[in-house]
Amino acid sequence: MRILKSIVVATALTLAMGTAANAQRTDIVIGMVLEPPHLDPTAGAAAAIKEIGYQNIFEGLTRMNDSGEVLPALARSWEISEDGTVYTFELAEGVTFHDGTPFSAEDVKFSLDRARAEDSTNPQKGLFAAIENVEVIDDTTVEVTLSAPQGNFLFNMAWGEAAIVSEASAGTNQENPIGTGPFKFDNWARGSAVTLTRYEEYWGDDVYLDRAEFRFVPDAAAAIPALLSGDVHAMSNMPAGDALSQIENDPRFEVVIGSTEGETILSLNNAREPFDDLRVRQAIAHAINRDDVIAAASSGLGVPIGSHMAPHNPAYVDLTDTYPHDPERARELLAEAGHADGFSATLRLPPPPYARDGGQVIAAQLRQVGIELEIIPVEWAEWLSQVFTDKDFDMTIISHVEPVDIGIYARDDYYFQYSNEEFNAAYEELTVTADEDRRNEIFQDLQRILAEDAPVGFLYQMPKIGVWDARIEGMWENWPLAVSDLSQVRWTE
Amino acid sequence: MSAPDAATPPEGIGAFLRDAFSNRSFLIGAVITMLIAAMALLSFVWTPYDVTDLVVASRMQTPSAEHWLGTDHFGRDILSMIMVGARNSIAVAVVAVGIGVAIGVPLGCWAAARGGWIDEVLMRFNDLVFAFPALLSAIMITAIFGPGAVNAIIAIGIFNIPVFARVARAGALSIWPREYVLAARAAGKGPTLITIEHILPNIASILLVQGTIQFALGILAETGLSYLGLGAQPPMPSWGRMLFDAQTRMMVAPHLALFPGMAIVITVLGLNLLGDGLRDLLDPKLRRRR
Amino acid sequence: MTVFLLKRILIGLVTLALASMVVFAIMELLPGDPARLMLGMNATAESVSALRTQMGLDDPIHLRYLNWVGGMLVGDFGRSFTYSAPVIGLIAERAVVSLPLALIALVLSTIIAIPVGIFAAARRGRAGDTVSMGAAQIGVAVPNFWFALMLVYVFAVWLQLVPAGGFPGWGGGIWPGLRALILPAVALALPQAAILARVTRSAMLEVLGEDYIRTARAKGMPRRHVLWRHALRNAMIPVLTIMGLQFAFLLAGTIIIENVFYLPGLGRLVFQAITQRDLIVVEGVVMLLVASVIVINLLVDLCYALVDPRLRAAR
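Protein chains in written order, with the numbering used here: chain A, 751 to 1243; chain B, 23 to 312; chain C, 451 to 765.
None of these hints come from the bench; they were simulated from the model.
What you are looking at is a predicted structure, and each value in this text was computed from that prediction instead of being measured.
From the three backbone atoms N, C-alpha and C, an ideal C-beta is built for every residue, glycine too.
Each statement offered as a hint is correct.
Derived list of chain C stretches under chain A, where covered just means 3 residues or more per stretch with a C-beta under 8 Å from a C-beta of chain A:
no., region
1, 499–506
2, 532–545
3, 712–722
My request is simple: use the sequences and hints to build the entire structure.
Written out as structure tokens, the structure is:
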């Protein structure tokens, strides 16, 4: 039976080769952890929506590559006015949406206006806050006026939430996403997979794949056998954990540990006693042993961080030595702050293993210096309402996955309620600076202020555990955006 | 058909003990149950290692002379975890059965004594509770009140209420027509007094048997809930949670999943054997047949 | 008979109505805002409240209850918040995983349990009985999710014969789908088979002790014939009852097993929906499960009544 099957396959292959000499595989199955709730990147915060669709189905004015560089996308070029408030985008020509409707400057205006409208349900409405007016100059030119200069406006426009959609399909993108990207939505077998196929009329460079399936394999117990058996060819970020050693030494697979934008931190409620006391925060920082946290919560793969910036970012400075692991010093600082006998607090943990496992290690470490933590596990829904919205918490562990989001510390009403004049002023300058070198300098100042002020316990950068068939090329190594960009992905033999 | 009574073995205590020692199920079940209980009690004063101590450096070790059952992903000693986990499972199951007995038995007896609409309402309440798949309701209950051992107890306990109500009602209904009950009624005793003096002693044995069964089911339910992350919360060790943690690491450390599972099987097996044995000992009809 | 039937149906309907209130009330008590959950951490307050209005979460409670129940009566279970798809469609998609799974498990447990039960009864007190009932005793004590983990380790991780989890869908043919359901079905079936084998054995023993069986034996009918033709038929009544109850249990029991194997079935749907606060989905699935339990109980009652006229009179 098996022999017969291989004969059939061989014959089919020979026939196929007749037409295309050197035919390579053009299909791929990519495993991913979470199933998206729907597929409209402008209407939901779930990262899985963008992981599948963004830069595959949908495109924005700009895009990012895997080192976080901002590149032209639907906007082929742009001009910025002298004062930095007017952006004139020159758009690509001959672009069509997957339903055949032609793309024009009107769609850009529609998408941006929709995202910043009063009743918008865009999860990143803040990206569009600076936009004052969007004006269509002609079919391929659009002018965006900002209320004040915004240094990272082009960067913002590369986010999945800033995807350009068509008015005709905006209402139905959740179930049947229609974009301008190289792949169009084909099928969603709920609970198991989403399939994309190549969009023949794509305006940009040709892609290599004809068909891509995103299959949901939620944990290592399922992912490793799926990879080994060839059911799944690649995973952008594998839930491998401790099981990674199983495939690391297998020559059939490429394992690439990259970084993500996920700064995993021990958040403290800075408005509450005793966390409003710098010495207490320093003591907590000294009490934390990052290596143990990483070993237990991230299988030893995360990169320790000392401030709020991803190590792959050009502006990154290593500040992990600001408050090294030193329980002795921690106890001294606590004593100075009037907590010689320590104190007790609560630690609310959302569901992901990094928080639940990391939380246990942190609790054990803080107990060493006299801080008794009561662990309270919470569901996401509760975390968002209790911790994030109502700010009713002492400590929590969370990974902040938004790209380059150091600005959250400048928001005085943000859930950890950190407020620092010096930081806010520096950040204010950053937002109006467009010069790349100056921006990096300010970014570094910001990191230093945070590292010393220790408003939260900086733990580690979430790793991106990329695993794929060794014959596959073009997968992203790092995740400045959590997307599975397939435009460069190909089989090499 | 009516006499001798189901409850009191006619031969007396000595004969009962003799029977007990010759009943294999009872004997094995009792020994296992006592061993598990002893292990749980011992964990209050002594465990090989402190389960609150995380030694990340020595994580996921296979069984060795220092760690008989190996260590988990935090470097905690698995044997110690199982010992502490035992007391958690037992506590949850005991209290859950307690809730069932404390509320269900009076309800069942009341319904049997009064009959009529009270009986009808109680039975409809039973229908209602039984109509919900138990695990599903437990998940919903813990979702409201948050996960934790106490809420697991409530969730499991609620399902024990109709079970005991049903058993108590059926038992009581079979006792009410007996001559001595009729005599007591003729003598002017009220239903409450009759229930306490005559009904309860006579249904005690079936309640005991049912209690053992529910206890075993309670342990299974508790481990199931904590496996789903809804039972006892870390750092409190629990068998179900240990299995959850083991699942993703099974490929590299299968022992993490093996031992907690075996602890569950042995405990439940012991309780079931004990229940079977008790039923044989206390139910003369079955005993004759053996 | 008709009166009995009507009464049972009425009781079933009342239970269903009460259950709908209980489910709705529980969902109201769940902490957390579904709109906030969908939009995530960086959403502005206006976005969240705009979505709340869109989802109809700001309507008064009694209105929402009546809308929901009224919708269900005409087959409209509402739209899922998170999937933004009709709930009935989601349920249908998931039921094609859960129903086959529960059915396979039921068939599997039956074909294991009944022969074992009969065998044990026929050899009562002898080695065969002791061994098979000992095994059943252990089977009852095994938590199905742990058994599932062990199966995954042996057959998926070690031998790599079947997938460790996930479901390819029925689109690619029957076999790939069935392959994904084998381990979960075995894991679900084993503890049930153990219970069923014990019930079969004791039902058989009960029947074998009856006079007519003894008479049949005394008249010289072959043992095997008596066992299979006469005894089994009569012993099937309690066995069928248990099987009916087990099917309802299996449907719900899939919650935990589907979580172990990541099967996109009803159990996993409802479990995820609870954590995602997709209230309308939870309500729909729970009502469906409750209704199926009630219907099955009704059928079991009916079977009983048909077989035993005394029960009919008593009620």
